[in-house]
Amino acid sequence: MSQTTYRIAPSILSADFARLGDEVRQVIDSGADWIHFDVMDNHYVPNLTFGPMICEALRKHAVTATGARVPIDVHLMVQPVDALAQAFCKAGADLVSFHPDASTHVDRTLQLIKAEGCQAGLVFNPATPLDVLEWVIDKVDLVLIMSVNPGFGGQSFIPSALKKIEQARRLIDASGRDIRLEVDGGIKASNIREVAAAGADTFVAGSAIFTQKDYKAAIDAMRAELARA
Numbered sequence: 087m088s089q090t091t092y093r094i095a096p097s098i099l100s101a102d103f104a105r106l107g108d109e110v111r112q113v114i115d116s117g118a119d120w121i122h123f124d125v126m127d128n129h130y131v132p133n134l135t136f137g138p139m140i141c142e143a144l145r146k147h148a149v150t151a152t153g154a155r156v157p158i159d160v161h162l163m164v165q166p167v168d169a170l171a172q173a174f175c176k177a178g179a180d181l182v183s184f185h186p187d188a189s190t191h192v193d194r195t196l197q198l199i200k201a202e203g204c205q206a207g208l209v210f211n212p213a214t215p216l217d218v219l220e221w222v223i224d225k226v227d228l229v230l231i232m233s234v235n236p237g238f239g240g241q242s243f244i245p246s247a248l249k250k251i252e253q254a255r256r257l258i259d260a261s262g263r264d265i266r267l268e269v270d271g272g273i274k275a276s277n278i279r280e281v282a283a284a285g286a287d288t289f290v291a292g293s294a295i296f297t298q299k300d301y302k303a304a305i306d307a308m309r310a311e312l313a314r315a
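Residue 298 in our numbering is what sits at position 212 of the sequence shown, and the numbering runs on without skipping anything.
Calculated from the structure, these hints are not laboratory results.
From the three backbone atoms N, C-alpha and C, an ideal C-beta is built for every residue, glycine too.
There may be inaccurate statements among the hints.
[Unchecked claim] Label-pair ranges, simulated between beta-carbon atoms:
| id | residue 1 | residue 2 | range |
| --- | --- | --- | --- |
| 1 | H129 | K176 | 19 to 25 Å |
| 2 | P212 | D259 | 31 to 37 Å |
| 3 | W221 | A303 | 19 to 25 Å |
| 4 | L257 | D168 | 23 to 29 Å |
| 5 | K299 | S261 | 38 to 44 Å |
| 6 | R279 | A154 | 24 to 30 Å |
[Unchecked claim] Computed list of lysine-lysine pairs in BS3-like fashion (alpha-carbon distance at most 27 Å, straight line):
| id | residue 1 | residue 2 |
| --- | --- | --- |
| 7 | K299 | K146 |
| 8 | K249 | K225 |
| 9 | K302 | K274 |
| 10 | K225 | K200 |
| 11 | K225 | K176 |
| 12 | K249 | K274 |
| 13 | K146 | K302 |
| 14 | K249 | K176 |
| 15 | K176 | K146 |
| 16 | K200 | K176 |
| 17 | K299 | K274 |
Model the full structure from these sequences, guided by the hints.
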């Protein structure tokens with residue numbers, strides 16, 4: 087795994103909603119690689135968060151100090167999927183991921199996202215098997231393993247996710263494709279190395295970053311652990 091490029095994707099679900107633009111800029115200045123955007127619809131999950139207009143408003147803030155675009159990584163916890171997936175692509179998302187069980191036709195939804203010029207991802211809940219991945223891996227740019235149940239921030243990491251990360255890594259490696267393997271839920275400096283060792287290369291962290299006074303110190307602590315993975 088020494089050649090792996092690790093990416094840290096702070097989830098703005100844990101940010102200060104009253105000053106989201108500033109929060110996005112601050113966490114990027116502190117070393118974030120992506121901005122993770124948790125979209126909840128109070129239907130597929132019992133919570134309600136952001137729509138495409140918020141994504142569009144934040145797009146101009148998701149840049150480095152030198153003006154380079156920082157990817158917005160949209161995780162759709164919504165049902166139905168297709169219309170919102172397309173709306174987020176148009177609003178400036180770079181990656182759009184969804185839960186296969188929330189889509190009537192997974193292959194078609196992936197095609198719709200790709201047709202909008204975005205990268206497409208599939209998200210697997212703690213109790214959801216990876217079976218569907220075998221049939222659509224040629225259209226997938228990202229696999230996101232949930233290490234908590236979706237719907238709320240601040241939950242603890244579910245250890246059985248490690249086995250699923252290992253399984254997903256084997257499937258990705260066998261495909262020969264450049265697919266990111268992302269993990270979301272309870273990620274912090276004390277467990278990120280173990281998650282990387284299981285095969286993950288992209289890490290969503292919300293409360294572990296945004297509840298800290300010093301975002302850079304929190305991200306640096308994670309990177310230090312990853313350097314030892």
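Outcome of the hint check:
1. H129 with K176: 19 to 25 Å: 21 Å, holds
2. P212 with D259: 31 to 37 Å: At 22 Å between Cβs, range violated.
3. W221 with A303: 19 to 25 Å: For W221 and A303 the Cβ distance comes to about 43 Å; the hint is violated.
4. L257 with D168: 23 to 29 Å: Since L257 and D168 have Cβ atoms about 25 Å apart, the given range 23 to 29 Å holds.
5. K299 with S261: 38 to 44 Å: 42 Å, holds
6. R279 with A154: 24 to 30 Å: 28 Å, holds
7. K299 with K146: OK: K299 and K146 at ~24 Å, within 27 Å.
8. K249 with K225: 24 Å, holds
9. K302 with K274: Answer holds: K302 to K274 is near 14 Å, not above 27 Å.
10. K225 with K200: Status holds; Cα separation ~8 Å.
11. K225 with K176: 19 Å, holds
12. K249 with K274: 18 Å, holds
13. K146 with K302: 21 Å, holds
14. K249 with K176: 35 Å, violated
15. K176 with K146: 14 Å, holds
16. K200 with K176: Holds, at roughly 12 Å.
17. K299 with K274: Roughly 15 Å between the alpha carbons, so the hint for K299 and K274 holds.
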